[in-house]
Every structure is written in C-alpha cells, then in structure tokens.
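Place chain C on chain Y using the hints.
Protein chains: 2
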Amino acid sequence: MADRFLRACRREPVDCTPVWFMRQAGRYLPEYQEVRAGHSILEVCKTPDLAVEVTLQPIRRFSVDAAIIFADILLPLEPMGLSLEFAAGEGPVIANPVRSAADVTALKPVRPEADLGFVLESISQARAALAGEVPLVGFAGAPFTLASYAIEGGGSRSYIRTKQLMYRDPEAWHDLVGRLADAVAGFLVAQVAAGAQAVQLFDSWVGALSPDDYAEYAHPYTQRIFAALADSGVPRIHFGTGASTLLPLMANAGCDVIGLDWRIPLDDGWAAAGHDIAVQGNLDPVVLFAPEHEIERRVLDVVKRADGRPGHIFNLGHGILPETPPEAVGFVADLVHRATRRAG
Amino acid sequence: MADRFLRACRREPVDCTPVWFMRQAGRYLPEYQEVRAGHSILEVCKTPDLAVEVTLQPIRRFSVDAAIIFADILLPLEPMGLSLEFAAGEGPVIANPVRSAADVTALKPVRPEADLGFVLESISQARAALAGEVPLVGFAGAPFTLASYAIEGGGSRSYIRTKQLMYRDPEAWHDLVGRLADAVAGFLVAQVAAGAQAVQLFDSWVGALSPDDYAEYAHPYTQRIFAALADSGVPRIHFGTGASTLLPLMANAGCDVIGLDWRIPLDDGWAAAGHDIAVQGNLDPVVLFAPEHEIERRVLDVVKRADGRPGHIFNLGHGILPETPPEAVGFVADLVHRATRRAG
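Residue numbers (this note's numbering), protein chains in the order written: chain Y, 884 to 1227; chain C, 884 to 1227.
Do not take every clue at face value.
Which stretches of chain Y does chain C cover? Using the computed rule of at least three CB atoms under 8 Å from a CB of chain C, they are [stated by the list, open to error]:
| no. | region |
| --- | --- |
| 1 | 897–904 |
| 2 | 1034–1045 |
| 3 | 1093–1106 |
| 4 | 1117–1128 |
| 5 | 1142–1149 |
Derived by calculation from the structure, the hints in this document are not laboratory data. Think of the CB as a built atom: it goes at the ideal place given N, C-alpha and C, for glycine as much as any other residue.
This is chain Y alone, in the form it adopts within the complex (with noise of 0.2 Å):
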C-alpha cells in the first residue's frame, strides 16, 4: 500500500505498519559501495543522477514503505560559508569553525533553490521515478546539531566550544541557531515545493543538552523550523538520540511525529511524548547484527509495545550502521509488515 507510510504519520489506520530505516541509502550496501568507489559523498549528493541512484537502491532491494532523499545534513553549511569535507572514516571536517560573534555575522543567509538546488533536482528526479511506488521523505538537520558541527568543526564527544559559545556569549549562540532555523526552513520548504511527501528533522545530537538548556537554546528555534512547514501539508518528524528526557518538549516543537532511539522503551516513549502524535522507532541498530530469532523478538516487542494504535512507524533508533548485515534490513521489513498485517 503506497500511503501506508503517509496515513501512520497522520495516525490513520493501515494495513500493517509502515517501516523504513534511517540511513538505508548508505554505506552496509555493496551497490552503495560501488557508486562511492567513484565518488566522494559530497559528488554523489550534488550529482542528482548519483543520489538518485543510491535513494532508490534500498527501495529494490527491500519492502520498505518510504524512501528518503540521498543528502547530508550538513549542506547547508557549505552556502553559509563554512568549508565542508568528508575525511576518510573520519565524519566531516569544517576547516573553519565558527568561533566567535564575528563568525556568526559572517554566514550568509541560504538561497535554496541556487545554493542546494542540486538536492531539490535529486528530489524531483526521485520522486518521479518512485512513480508513486512509495513516499518520499526530505530532511534536514535541526539548529542544535548544525550549530554543533559548525562550531566544533566536525563530530564531539563533550561539545565543549558548542556549549562555551552558548554560556559566555549567548547572543551569538541565539544569532546562530536563528540563522540556522531560517536556512533549514528555507531549504525544507523548498524541498517539499520540489517534492518530498515528508520531511524530517534531525537533532541527532541534541541529547548532549539538560533539558532546561534545550528548552532555552535548542527548543524555540526547532519550533520556528516546523512552524514553517505548518502549511505545508506533509508530515513533519523530529529526530533525536539520548533525548529520553527531552521528548515532552520535543514532541510539542510542532512535530507530527516523534522518533524515539531504544534507550525508552516505545510505549514509555510514546507516553511521554503524547499519543495525539504519531512515533518513529526505535529498535537498537546494533539488534540487526543479532542472530534472526534474537532479532525476530526484539522486533516483535517493538510491535507489541506499539499496542496497534494507529500512529506507529517502524524504524531503528538510529541510522543503519556501515557494518550491518543487507539480509537483516530485509527480514526486519518483511517481519514487521507480517507481524502487523490486519485482518480485512
């Protein structure tokens, strides 16, 4: 059913539960591999044929219910005037990291369609060949997590300058995370005009934040981001790993749907958030590396925590790791569809 993804983000009733899998255009697939063998990450998300190409290969291989565009969230740092590169096994490197108010100033603001338009043709281009096979899902990255990696300069573990930028010059802090909520909203907006049927927000690291931290710094601007996207019509879905804490807050920054990773369990998760949205998740992406009855339990608890209230999407509680077995994401999306498959 192609909209089974669509009406469990608008918490209708389905057939069985929609899933796919954060990061399933990625690395675990040899025929991945093999467009990357040519090819830098940043080539393939700004040659729309290439990133098309490797958003539709997980959509041949497995029953999943969604695609997502081939992109990186950090691509909007790139216009601003941030210097963006991929270091082998690295993560990215920003060689100059904003550090100061002056380097907040500095950004520009971003043009979607002349600075990413090469992500808004990849998501033309694959919404027209998914033919109406399955939605297409866009996405972004939330101000917190873009502000982090533009002022570390790549990934952290303590977010030490993250946090020193908020608690000694907050102004710039607010002057940042505000340029980064224009621009993400800009280029989601855009992305929807281009073609995508959803959209999600990531915050992936925003569980480094106390809630009363994220509630100042974080929260406000994630809200403007998905007030933006109220008109819009699609399903807006907001992201977070290590957030257990936040999710009442974050559940109400305007989202449709909430995703949970597997530190809470679903149904606490759900809880928590609210049932009047709809929940993402959240197995642990490590269970894929399980033996299949380890995984087929663990897959089952997820469903059975999910109680068949409409609303839920199967999903990993983070993206797909590198060294994931393809034939586990297979037998996840069929168990899930055959698990939830309702009479009628």
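Frame of chain Y; chain C shown alone:
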C-alpha cells in the same frame, strides 16, 4: 566537617551540602600535569607515592569534602590477561581484546592483594596522609563498562562488538560479566579493607543499553558486586551517564547513593531513583567553562532541586574535563557550601 560526605551518603543531616568532583585528581590541574610529565598514567597508578600525591592535590587546593583515590577502572583487566596501554590523547587501548567464548575462558581471576596491591597500598597511604581531614573514596568499573572496553579494545561509539557478543553468544557474555563482577567485588572489598571509606561503581557507558538489555545483561552483575559489599559498612555509590531511563533499575542494584548526569533534572532523577537512597550530582561539566554568574545560577538550580532533603552530595554529572579552568572548581565547591549552610 570531616564526616559531611559520609553523613550525606547515609541521608543524615549535615551542616551544609558536601561536594566533590569526579576526576578531581586529573589533567586540569597544573600540578597533576607536572607529575604526569615524567610518568605515564599506569606508572602513576602503580607507584603509591605518585598516586597518593595526585589524590591529595585537589584536597590541598579546594574545599572538597571527599578524596578519591587516583587509579583507573581498567586496572583489573591487566591481571585478567589483557594488555592495557594508554595511547597519548587516544584513551585506553587493549591489544588483545576479548572476542570469543575461548577468549573469555582464558581470562584469569584477580587476586586483589597480589595483582592490584599497588592500589591497596595507595589507599592505605592516602588514608593516613588525609589524617581524617576528608574521607577517601575507592572505586571500580561496573561489569558492562569494563566488558565494553575488554571487547571493543578501547572506547566505542556504537558498541557493536559488545552487543554482538551479548546477542550472538549470551553464554560467553554472561561468563565474561560474571568474571568481571567477581574481580570487581573482590577488589572493592579489598579497597575497603585497605581504608576506603566509600566506594563508587562507574558504569559510565551503560546508557548505550535499552532498559531490557540492561536488566538482562548488566544489572545482575552489578547487584552481585553491591551484595558483596553489603557487610562492609561503607556507602556504595552507583554512577552511569546517559542512563535516565535506567535509573529505577540502577537504584535498586543495592547501592546507597545514585549518581545522576545533567540530562535529567536532579529532582526528577531523585524521584525516579527513589527517595530512600541518596543522590549525587549533577552539574554539566561544561558549565565550569561558563562565566561565574552563569555557573552560580546553575549550581543554585541544582541545590534548589535537592530541596534541602538530607542525602544530596553535590558533584558534576560526569568527570572534570581536561581543559577545565581550576578556579571554576574552587568557585563551585565554595559556593555549594555557602549556599547550603544550615543555621545552627
């Protein structure tokens, strides 16, 4: 008041809230760096004169209410047969990690006096040198966290190999954590015999587990350790990070004090753990990089959430970071005492 810390561990009234800092003996202190200039971490651990010196350094500088012996949670892995090194800036590296049931079976039991006598000697000397000024805390790593290092061969982000052993060979996993529990239990009992007046069990990375996995694969082994200490008469502190959803389970593992990180407000965390145990925490370590007025606001918030209830020990939500300005540590220690001083 020399017994302020121990009284708070037992939830007895105190003249003001006791305070100490995880990793208070560490790299942020220039006098520690001086000792380390000539000696590796392992050399300092294994030379009681040096270990005692760095244990005492923060006591000389700050008005903290407890000393914690300088050591490392990974020390028991060496006599078990694992080769332990600290690569510069890289953290611990284990060249022969545990990857199979056979690797587990080959592990040797730890004889605390013969294998880790240098820690016991350091405790005995530090206790004498402290001369009752403040109590001395001993510590060890919890089985899950130790197993994660033993299996991954160092730090990890996704704990793939650790969880793989759990999921693929649960028998080997239970054998491994059982051996680690026995080693740690014996080591902590010996630390108390040598003079430790409280013990803290660090399950630093247990927040990587779902509550169900924690209950099955970690909790019983932590319980075994605390049970072995039940007759010791010393307070048992239990600490993890990112473990908000595990708190009810962690709190009932047999500890007297639960350590909280900053991801959960202290009042919520204490309520989740239960008011029948004491609580330690929970300032974000990065707050020590903030201006004093901002540090003060956040310290007072933690104190306010403790609500004057006996049984709060002020601490950070994780260890002091190496880049921390030492004066911020002194400022917080004094502020906690001043802000919580009881009339009388």
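8 Å C-beta criterion, at least three residues: is the region 1034–1045 of chain Y covered by chain C: Check passed, 3 qualifying residues.
Cut-off 8 Å, C-beta pairs, minimum 3 residues; does the coverage of the region 1093–1106 of chain Y by chain C stand? Since three or more residues must qualify, the claim that chain C covers the region 1093–1106 of chain Y holds, with 4 doing so at under 8 Å.
For the region 897–904 of chain Y, count the residues whose Cβ lies under 8 Å from any Cβ of chain C; is that count three or more? violated (count 0)
Do three or more residues from the region 1142–1149 of chain Y put their C-beta atoms closer than 8 Å to C-beta atoms of chain C? It holds: at least three residues are needed, and the region 1142–1149 of chain Y offers 4 whose Cβ sits within less than 8 Å of chain C.
Given coverage of the region 1117–1128 of chain Y by chain C, tested with a Cβ cutoff of 8 Å and a minimum of 3 residues: Held - the region 1117–1128 of chain Y has 3 residues with a Cβ nearer than 8 Å to chain C, which meets the minimum of three.
In summary, the structure is inconsistent with hint 1 from the numbered list given earlier, while agreeing with all the others.
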